[in-house]
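Below, each chain spelled out in residue letters.
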Amino acid sequence: NEQPLRVAVAANFLPVAERLSTRFTRQTGTPLRLVSGSTGKLYAQIVHGAPFDLFLAADEARPRRLVEEGRARGAPFLYATGTLVLWSPRPGLVDQTGGVLAEGGFSRLAMANPRLAPYGRAARETLQALGLWSRLRSRIVRGENIAQAFHFVVSGNAELGFVAASQLLSRGEEGSRWVVPERLYSPILQAGVVLTAHPAAGRFVHFIRCGEGREIVREGGYRVAADPAC
Amino acid sequence: MLSGADLAALQVTLRLALITTLILLLLGTPLAWWLARSRAWFRPVVEAVVALPLVLPPTVLGFYLLILLGPEGALGGLVTALGGRPLAFTFSGLVIGSVLYSLPFVVQPLQTAFSTLDRRLLEASATLRAPPFDRFVSVVVPLSRSGFITAAVLGFAHTVGEFGVVLMIGGNIPGETQVLSIAIYDHVEALEYTSAHWLAGGLLLLSFLLLLTVYLVNRRWSVAHP
Amino acid sequence: MLSGADLAALQVTLRLALITTLILLLLGTPLAWWLARSRAWFRPVVEAVVALPLVLPPTVLGFYLLILLGPEGALGGLVTALGGRPLAFTFSGLVIGSVLYSLPFVVQPLQTAFSTLDRRLLEASATLRAPPFDRFVSVVVPLSRSGFITAAVLGFAHTVGEFGVVLMIGGNIPGETQVLSIAIYDHVEALEYTSAHWLAGGLLLLSFLLLLTVYLVNRRWSVAHP
Amino acid sequence: MTLSARFRIARGAFVLEVDLELPGEGVTALFGPSGCGKTTLLRAIAGLESCHCGRLKVGHQVWQERGHCLPTHRRAVGYVFQEANLFPHLSVRGNLEYGWKRAPAAERRISFDQVVVLLGLEPLLERRIRGLSGGERQRVAIARALLASPRLLLMDEPLAALDEASRESLLESLERLRGTLAIPMLYVTHSQREVGRLADHLVLMEAGRIRASGPVEELLTRTDLPLARAADAEAVIEAEVAGRDERYHLLRLRFGGGEFLVPEAGRRVEGRVRLRILARDVALALERPRATSVLNVFPAVVESLASVNDAQVVVRLAVEGGGHVLSRITRRSADALGIAPGLRLFAQVKSVALMG
Amino acid sequence: MTLSARFRIARGAFVLEVDLELPGEGVTALFGPSGCGKTTLLRAIAGLESCHCGRLKVGHQVWQERGHCLPTHRRAVGYVFQEANLFPHLSVRGNLEYGWKRAPAAERRISFDQVVVLLGLEPLLERRIRGLSGGERQRVAIARALLASPRLLLMDEPLAALDEASRESLLESLERLRGTLAIPMLYVTHSQREVGRLADHLVLMEAGRIRASGPVEELLTRTDLPLARAADAEAVIEAEVAGRDERYHLLRLRFGGGEFLVPEAGRRVEGRVRLRILARDVALALERPRATSVLNVFPAVVESLASVNDAQVVVRLAVEGGGHVLSRITRRSADALGIAPGLRLFAQVKSVALMG
Ligand SMILES: Nc1ncnc2c1ncn2[C@@H]1O[C@H](COP(=O)(O)OP(=O)(O)OP(=O)(O)O)[C@@H](O)[C@H]1O
Ligand SMILES: Nc1ncnc2c1ncn2[C@@H]1O[C@H](COP(=O)(O)OP(=O)(O)OP(=O)(O)O)[C@@H](O)[C@H]1O
Ligand SMILES: [Mg+2]
Ligand SMILES: [Mg+2]
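Protein chains in written order, with the working numbering: chain A, 1 to 230; chain B, 231 to 456; chain C, 457 to 682; chain D, 683 to 1038; chain E, 1039 to 1394.
Just so you know, these hints were derived from the structure itself, not from any lab.
All of these numbers come straight from a predicted model, not from anything done at the bench.
One or more hints might be untrue.
Which bits of chain B does chain C cover? Going by a derived footprint, with three or more residues having C-beta under 8 Å, they are [stated by the list, open to error]: (1) 342 to 353; (2) 410 to 418; (3) 431 to 439; (4) 445 to 451.
Glycine included, each C-beta is placed from N, C-alpha and C at the ideal position.
So here's chain A without its partners, still in its complex pose (with noise of 0.2 Å):
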């Protein structure tokens, strides 16, 4: 009897989005409908009048930009913090301190667009770091976002890439990986808003944040920070 809640997703964040759904649905009874696609392609229906009750995108700023146009209600709430691995189907190209890129033994490497998704930027941070960023840069692909990235690799057009570790645990991949430490990236922060009056809106961010949905994100993949709003 309740309107269900539409909830607009990052289309990485689906598949968790999907699991929490259902959980919060049979614990709740609200029904909720999951719309997912690019944060920006969100972000812009958002702007022209989309019925969204809540948003949860891939990065921090369009969360904020939201808050700052008066187009949300409440300030924007971290409910994710992604990891960046690079991976290569092919075991052992990639070693365990990712030395196979200043080795070069590949001829593609795959990764985000920087300027679009979180996870390109850090893969970014992470070439500039290793000072490698000038010398790869004829090698990258560029997947509009992760999951293209993931394409590129999984299809071995590239032979590795730099995907999101929520990837890997979903499709269960093997192959050689190496999990990209925290200090060669700046954090990949994945922020929500609400955006209307809906009653459930709350009641289902304090699902994911506190709740059961918490343990859920870890689940897939993602770091969830000590949140001292629980």
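Since the structure of chain A is provided, determine the placement of chains B, C, D and E with the ligands on it from the hints.
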């Protein structure tokens, strides 16, 4: 294999493609007829404008449509001022976007068919007491059959596969504006490859059967009435 | 207003669209001719298959192409086995993808034009000593002009605006596989709306002028040789 | 009812400029060399040329005039085009029914089956257009036009593609139609024979203009017009049935002080009949020939003469009781006989043909 | 060179089944009612029907046979289609040049300008096809076929759309071409007149089969064939120029024991000439008519006769010195004269026409 959301998307897709194709044929036919016969100086301008939506990436076109249809946009503002629901994120909005984007695929084959038509047959039909609309229905349409089929097939198929525009102005709302192409896209993006394969395979099979039926019927017809 | 990358993208786009259109016309013409004249039972099957790529969202089509072209894919494996460079993320890969995706837009208008052609003119031309290819060039092509223009315009414009396939198999490498449509898309996604507006506007203007030229030339020609 | 038309249509170097008054009944033949504008005139009457080109009144109804224009589909003309112009997507039956279904039932004057029989189309009804021979196409086109129940029939060389026998039988059918349906016809032809056979009125065109227009009997024999000088030159006259030879199926016809014997050709006729007399079938003599019987000889007066070529002249003769005939003789004979206007002499006719 | 053809082509209920041997020179007329298969035969010879349909040999060259098939474009036939079939995207000049440019220069036997003059196409050269009148189209089509420098000319009713004068002048041109170019022609026509005028050889078709095939002189006068019984029935004979009347431009021709006077019609001829004599222009008498001069009278023997209709019969006469003429007379006269095969009598000819 297919979730309830996927089935809902299939239904939305078919409805959208059917309605869009119908509207396109209704709008495209007179437009193509005019383009095929007019000697106005601005005809080439209209021709160019019709083809223009094609050169924009669909997402970008969708973005501008979103601006246009949104509550602050020219069209959206007008609609809401007149007491209508805003068009963005509704099925009607999808239809508008699809029609705009697939228009050239319907208009141009029709125009080709119309412009190769033998005018003397229209004259004959006029001397046999057929008024203009009757002439169109009884002579132009059957003789342009192949153009109409091409137009309908391209319009339909393109709307089914169409994606960017719909995604942008539809908002991908399951059961409402989420179409199959977006559902497949979502599966791919979510790395749910198995679901994507099934859905894509199903869509291909369905479309193949549909197209095959159209072409078989057309062939049978053309054997009977060459 | 336009960055160097944008200009490079423009250049790649035009090159891609031109080469794709050319290849499409070369491949599409014999295919359309066969479709228009064949009485084989499997003709409707071929017709349906040609239209099929349309119903898949371009990104998804790109995804499958990516798999096909990859080292473990059928095509990619073959190419590398023959000592060729892998096709993904290269300009050649883009061309393959665009050709596949835009094929129906070229084949179908041509087929429409060919099938409405008066066969007796071909017979006349044969009695005037013209061998088959000569007949095609001297009779079929000029009489199907409007079909060729439609085919070229749809093929070209669609390749310019095409996006998903190119994005997927191109890898968005600036100066190599980044085309204008992706550049505009990137601007929109990055909320760089001003750049997006400029680029989209420029693309529209350029395309409009191009299309207008085509149609004006066509019109002048058709006034001279109706 | 009359048809009055005034058109000016320019097509490049060619200009059609006509001002015509035609009888609203019977058959009017349009005759003239190739490219003289016959088709253009027919098209203008049907409303297929721009409407700014002139004025057209049929009976009391104005079909076009400055500012006013009855569109083609409301003119109820039946048009048999020079090239058959059939609908390729319909069967023969579909083509025939096209106009038939669109004509109000009240205006129909002839039944579908009648027309089909008239043109011998039964075996073709279910055929597609593509396989039809040239002559078959033309017959379908004529039937299609007739079935639209027109108020005015425009025919552009309808019989050109037909063999002698079909042409003959179609001509007969058209003659019968003229009688029973009373549809006025405008009939373009290149054949002087068809003119003499079918037409009541004749319009002679030349280079976009009307050279002459008038009753057939008059125009056929005017030596200042090309018709009288053609190889097929002929006259059309009226005669009276005076008797019948039952055994030999011959008719005795009385005309202008003479009598003819004419093969009956299967038809029983009474009263007045029309006859065609070819110019080259008429010999001239100063005295009534004695060696032959009185048959086929009648007195006449030379009205005018004109040269056909180096060797031949054609003579127009006024016949007792009205009417004219032509005689084509060698210049030598003309000199020998001293042919000059006013001369009284005897015409001997080798053969005549019955019309209608 | 001869042309030998054997075809079997089925089209629904219609079957063309022919086995023909034609002379490889001069003009062969294909004559027959509408729908009898003339066009189909021409198309088969041009290679426009399926190649499995028969055997075709032209001279020593096999054009088609089981397993072998010379495609149309290598047969070098000039085809004038029944419907002009011009290229709408080319100007008149473009149409004419189409085949001209594709014919090897060595095979050209007539110059571009000659053909243009022959068919009076100068004023039309730069025109588009769409504005041409029916007759103009047909002339362009004939010129286009001639300019392809064919080894065999196939013409499907080329003159049907033309007026008398153009037809006459074209017939003359074709006669001249036949002489100078020595291209064999296969000529479909519905006009008995054109047959007599142009053809050397005649093929008579009926319902997809060959009814008769042979020299024109022979077939025209065979009373068992429909030609002799047609209204236009005529005979073609050879005569010798015996003298000339310079003043009146008449030729004196000697033939079969008689003498004719024939208008010269502007041409100077010597030696032997061919003449057309219409059946209805020939009267019969048992004695040499005394009242008229000896001119145009010659002795003959009745060979056969056949009924034309209730009232008329046609008589085939053997003429002294070879050749045949026809005479159409009333049944009454035939009875009165006691016409029967073997009867010797005198034929009087009202008029004859010079050919070629
Ligand atoms: N655009 C044009 N420029 C010059 N002349 C033209 C043009 N269009 C038509 N004509 C001429 O108009 C004339 C009239 O054509 P129309 O078809 O009426 O002739 P027609 O009397 O029907 O001849 P036919 O007996 O050969 O059919 C033709 O000589 C044709 O060449
Ligand atoms: N599919 C078919 N079914 C039945 N009859 C057919 C078919 N196709 C052609 N015919 C017949 O074949 C016959 C021969 O046609 P063709 O064109 O050769 O005749 P034609 O002698 O040239 O006649 P015309 O003098 O009228 O041009 C026609 O009677 C036509 O109706
Ligand atoms: Mg005409
Ligand atoms: Mg024919």
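Results for each hint:
no. : hint       : verdict
1   : 342 to 353 : holds (count 5)
2   : 410 to 418 : holds (count 5)
3   : 431 to 439 : holds (count 4)
4   : 445 to 451 : holds (count 4)
Violated hints are absent here; each numbered hint is respected by the structure.
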